[in-house]
Amino acid sequence: MEYIQGIKNWIGNCPDLLVGAHVLVINEKGQLLLQKGAKGTWGLPGGLLKRGETLEDTARRQVFAQTGLVIGELRLVRVFSGEKYPAANESEKYIVATVYLTRDIQENVKSDGVEFKEISYFDFQELPEGIDLRFQDVIQEFKEQMLCVGV
245 MEYIQGIKNW
255 IGNCPDLLVG
265 AHVLVINEKG
275 QLLLQKGAKG
285 TWGLPGGLLK
295 RGETLEDTAR
305 RQVFAQTGLV
315 IGELRLVRVF
325 SGEKYPAANE
335 SEKYIVATVY
345 LTRDIQENVK
355 SDGVEFKEIS
365 YFDFQELPEG
375 IDLRFQDVIQ
385 EFKEQMLCVG
395 V
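Per our numbering, residue 245 is the first one in the sequence shown, and the count goes up by one each step.
Don't take every hint at face value.
[As the list claims (entries may be wrong)] Okay, the calculated beta carbon distance ranges per label pair:
1. R305 with K273: 23 to 29 angstroms
2. D348 with E370: 19 to 25 angstroms
3. A309 with K387: 23 to 29 angstroms
4. E297 with K387: 25 to 31 angstroms
5. G281 with E327: 18 to 24 angstroms
[Stated by the list, open to error] 20 angstroms max Cα-Cα, derived EDC-like pairs, lysine to aspartate or glutamate:
6. K280 with E373
7. K273 with D348
8. K387 with D260
In short, the hints are calculated from the structure, not lab data.
Glycine is no exception: its CB is placed at the ideal position from the N, C-alpha and C atoms.
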């Protein structure tokens, strides 16, 4: 018990960390899927890990819940973390999240339970204004990679 208290004293009051997964969903035209959130900003589909899930499970579950899309193969693109990525509507909570890429859209299920009403594909040259700060870097990096290798 003293050991645990010693660690708490050494670490101090750490913010809570939330673990999640997001997905760059690219359609057959090479367009990026974005969704508009409650704050009016555009972001990638994704969300928080549930107990017992893998990050890939989280990514697939969240994409389906938020868009009605069933996705297959995922490729890890990036992990982001730190104070630059606070959890939405939470103070002292920070995200550690993976970003995956998929072009494997297996099925488009018209789900009544879709969480976001405004969902759209965008050309990388015509991305909308107001992309959530948490996703700007990874979208820009991916856009630059696509231009370099012609993906």
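Against the structure, the hints come out as follows:
1. The hinted window of 23 to 29 angstroms between R305 and K273 holds, with their beta carbons roughly 25 angstroms apart.
2. One distance hint, 19 to 25 angstroms for the beta-carbon pair D348 and E370, holds here, with the actual separation near 24 angstroms.
3. For the pair A309 and K387, the supplied restraint of 23 to 29 angstroms holds, since their beta-carbon distance comes to about 26 angstroms.
4. For the hinted restraint 25 to 31 angstroms between E297 and K387, the CB-CB distance of approximately 29 angstroms keeps it satisfied.
5. At about 20 angstroms, the beta-carbon gap between G281 and E327 stays in the expected band of 18 to 24 angstroms.
6. Taken as a hint, the K280 and E373 pair is honoured in the structure, with Cα atoms around 11 angstroms apart against an allowance of 20 angstroms.
7. Of the supplied pair hints, the one linking K273 and D348 holds, its CA atoms being roughly 13 angstroms apart against a limit of 20 angstroms.
8. Our distance criterion of 20 angstroms between C-alpha atoms is broken by K387 and D260, whose separation comes to about 31 angstroms.
Of the hints listed earlier, the one the structure fails to meet is number 8.
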